[in-house]
Amino acid sequence: MDLAEGDFMDFIELDDVEKVFDVRRKTGRLRRGKHQVRAVDGISFRVARGEMVGYIGPNGAGKSTTIKMLTGILTPSGGRLRVAGIDPSRERTRLAKRIGVVFGQRTTLWWDLPLKDSYRLVHRMYRIPDKRFRENLDRCVELLDLAELLEVPVRQLSLGQRMRGDIAAALLHDPEVLYLDEPTIGLDVISKAKVRDFLRDLNTERATTVLLTTHDLTDIEQLCKRVMVIDHGRLMYDGALAGLHEVGESERTLVVDLECELPPIVLDSARTVKVEGPRQWLAFPASQSAAPLVAALADAYPLVDLSVREPDIEAVIAKMYAERPGM
Amino acid sequence: MADALLSGLRAYGLIAGMWIRSTMAYRASFVMTVLGNFAVTSFDFITILLMFSHVDALGGYTLGEIAFLYGASGTAFGLADLVMGSMNRLGRRVRDGTLDTLLVRPVPVLAQVAADQFALRRLGRITQGLLVFGYGVLVLDIEWTPLRVMLVPLMLLSGAAIFSALYVAGAAFQFWAQDASEVQNSFTYGGNTLLQYPPTLFAKDLVRGVTFVVPLAFVNWLPALYVLGRPYPLDLPQWLAFLPPVVAAVCCWLAALAWRVGLRSYRSTGS
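Going down the list, the sequences are from chains W and Z. Mapping of the first sequence onto this note's numbering: position 240 corresponds to residue 240, and the numbering continues sequentially without gaps. Mapping of the second sequence onto this note's numbering: position 115 corresponds to residue 115, and the numbering continues sequentially without gaps.
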């Protein structure tokens with residue numbers, strides 16, 4: 001027990017964590033070549049108790065590998081890793097009682113049984129005291145809108161309903177940290193909103209630490225103050241979402257509807273990127289206010305309507321990668 | 001260690017219970033598969049009956065004696081198949097990544113994999129094995145001594161444990177070779193088929209192999225031949241007939257070791 005050493009503010013600690021895989025490939029009929037893949041290549045970060053962090057990056061960047069090391073599924077090849085003061089790979093089952101995991105594409109619910117049966121299994125498997133189980137279940141049922149679904153066999157649930165069911169299953173034992181792998185993948189707009197509301201609530205009311213990987217950047221925009229970007233097994237960015245825009249020198253777009261078709265608008269503070277009939281698209285730096293630009297436009301052009309589009313973070317990240325070649 | 005065992009048994013019970021409830025969601029289909037399973041395994045013994053309509057003995061053994069061997073092996077294998085049969089799905093779980101969902105739970109992974117898809121329909125095989133065994137005991141004129149009586153349950157349970165160990169060891173192997181469930185099947189299903197016939201039918205080298213290398217002979221051959229008062233084709237001391245519990249314990253220990261090594265390797269390589 002090295003609790004004394006661990007400052008409790010740092011709930012998750014990674015110091016120079018590495019994961020190297022030996023990949024064997026067939027090079028001949030029987031011969032196999034061996035080469036190493038550094039899926040996680042020296043990552044260090046701290047997550048405080050109660051933080052909600054987005055963990056993003058392209059496919060194969062090392063996101064899942066990191067999560068698997070944090071949950072104790074995989075043993076790191078190097079570096080130091082602690083969750084709640086526990087070394088996950090050495091004390092996997094002890095840690096399991098304190099963490100919740102939701103794999104977006106793999107349900108842990110029982111396909112042919114009513115939803116509530118899956119919860120009963122969690123109740124007994126995690127040895128949750130009856131009273132606490134009831135309270136937690138009631139709370140999840142209320143906030144995730146599950147009351148109607150408890151008696152329904154899981155196979156009859158929609159994807160969004162099942163995801164809500166899975167999230168509830170991961171929270172019945174009061175985990176201190178929740179790992180979510182693509183929690184909104186494939187969900188419709190309403191389901192996404194429900195899931196996000198619930199997570200926000202969970203984080204503020206229970207101070208549950210949440211680490212979430214996602215391809216849907218709206219998840220991050222709406223939920224996480226802090227975002228970490230990983231690529232090629234390395235941490236490329238760790239900070240506020242707003243800062244990510246600066247790093248990537250992103251641009252916002254002003255969409256302008258004019259009274260009639262005109263030649264491309266010429267302004268100092270923006271550049272026209274597209275013209276389509278009376279509609280024109282103007283790009284300007286994300287760090288700059290739109291107000292002076294709109295004022296300048298209104299003075300010089302016959303405006304009908306306009307709207308501002310926030311930068312696409314995916315594009316920002318892509319740009320960030322492009323600026324660091326040779327990795 | 002004892003804690004892990006208890007926690008594993010408890011988890012096994014919980015998960016198996018869930019699967020039983022799941023199958024009961026399709027009750028008619030459950031009844032059909034139990035009957036089907038029973039019928040398929042029954043046909044198996046019918047081929048032996050057909051053989052005996054042409055010959056009086058097989059490898060020097062009468063129909064009753066073969067029923068005794070067949071039933072003993074079938075029951076032991078049936079028990080192992082009921083409890084551990086799902087182990088050969090491990091490779092699939094590794095390949096599709098669903099093993100990871102088991103690793104984040106606070107109960108032993110072995111118990112979770114073993115209890116996965118727990119199917120009471122496998123009782124069909126045990127029933128058939130016991131019936132054939134009972135038939136053998138009835139038609140044979142065995143000189144029952146206390147030692148022989150005691151040896152029968154010991155033989156069936158130790159045999160089940162030996163087959164279970166093979167299931168676990170085979171699953172452990174699938175951590176490295178995910179499509180190796182056929183290798184495992186050749187030892188479990190194949191072993192069962194082999195043991196249903198008397199050892200006198202097989203080449204000495206094969207008999208040596210299943211006595212000393214993969215100790216299948218301890219499932220039924222050695223103890224059953226003692227009960228039947230038959231000599232074992234290899235020149236071995238008679239007390240070996242009482243060794244099945246020891247052999248089973250060693251097999252289980254080795255299988256558990258292989259499982260640990262396999263799981264550790266999976267967790268360090270992820271494939």
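Think of the hints as simulated: they come from the structure by calculation, not from any bench. Here a beta-carbon is modelled for each residue, glycine too, at the ideal position from N, C-alpha and C. Wrong hints could be hidden among the right ones.
Some chain W residues judged to face chain Z by a derived CB distance under 8 Å, without partners named [as the list claims (entries may be wrong)]:
(1) Asp22
(2) Thr71
(3) Ser89
(4) Leu113
(5) Lys116
(6) Asp117
(7) Arg124
(8) Thr218
(9) Gln222
In silico negatives: residues of chain Z with every beta carbon more than 12 Å from chain W [said to hold, decoys possible]:
(10) Ile15
(11) Asp44
(12) Leu58
(13) Thr62
(14) Thr193
(15) Tyr197
(16) Phe212
(17) Val213
(18) Trp239
Calculated from the model, a selection of chain Z residues having no Cβ within reach of chain W, i.e. all distances over 12 Å [to be verified]:
(19) Ala4
(20) Phe52
(21) Asp100
(22) Val107
(23) Ile142
(24) Arg148
(25) Leu194
(26) Phe242
(27) Ala249
Legend entry - Status of Ile15(Z), Cβ more than 12 Å from any chain W Cβ: 8 Å, violated
Legend entry - Hint check: 8 Å Cβ-Cβ cutoff, Asp117(W) to chain Z: 7 Å, holds
Legend entry - Non-interface claim for Val213(Z), where every Cβ of chain W lies beyond 12 Å: 26 Å, holds
Inset, instruction - With 12 Å as the threshold, tell me whether Phe242(Z) passes as away from chain W on beta-carbon distances. - result: Nearest chain W Cβ is 38 Å from Phe242(Z), so the label holds.
Legend entry - Ser89(W) as an interface hint toward chain Z, with CB separation required under 8 Å: Interface hint status for Ser89(W): holds (7 Å vs cutoff 8 Å).
Inset, instruction - Quick one: work out the minimum CB distance from Val107(Z) to chain W and report holds if it exceeds 12 Å, violated otherwise. - result: Incorrect as stated: the minimum Cβ-Cβ distance to chain W is 6 Å, not above 12 Å.
Legend entry - Given as non-interface: Ala4(Z), which should sit over 12 Å from chain W by C-beta: 9 Å, violated
Legend entry - Whether Arg148(Z) stays farther than 12 Å from all C-beta atoms of chain W, as the label says: Label holds. Min Cβ-Cβ 43 Å, cutoff 12 Å.
Legend entry - Distal placement of Leu194(Z) relative to chain W, Cβ over 12 Å: 30 Å, holds
Legend entry - Interface hint compliance - Lys116(W) to chain Z, C-beta minimum distance less than 8 Å: Nearest chain Z Cβ about 12 Å off; hint violated.
Legend entry - Satisfaction of the Leu113(W) interface hint, Cβ to chain Z closer than 8 Å: Constraint on Leu113(W) satisfied, holds at 6 Å.
Legend entry - chain W versus Tyr197(Z) - minimum CB to CB distance exceeding 12 Å, so not interface: Tyr197(Z) is indeed farther than 12 Å from all Cβ atoms of chain W, at 36 Å.
The structure does not agree with the numbered hints 5, 8, 9, 10, 19, 21, 22 stated previously, though it agrees with the rest.
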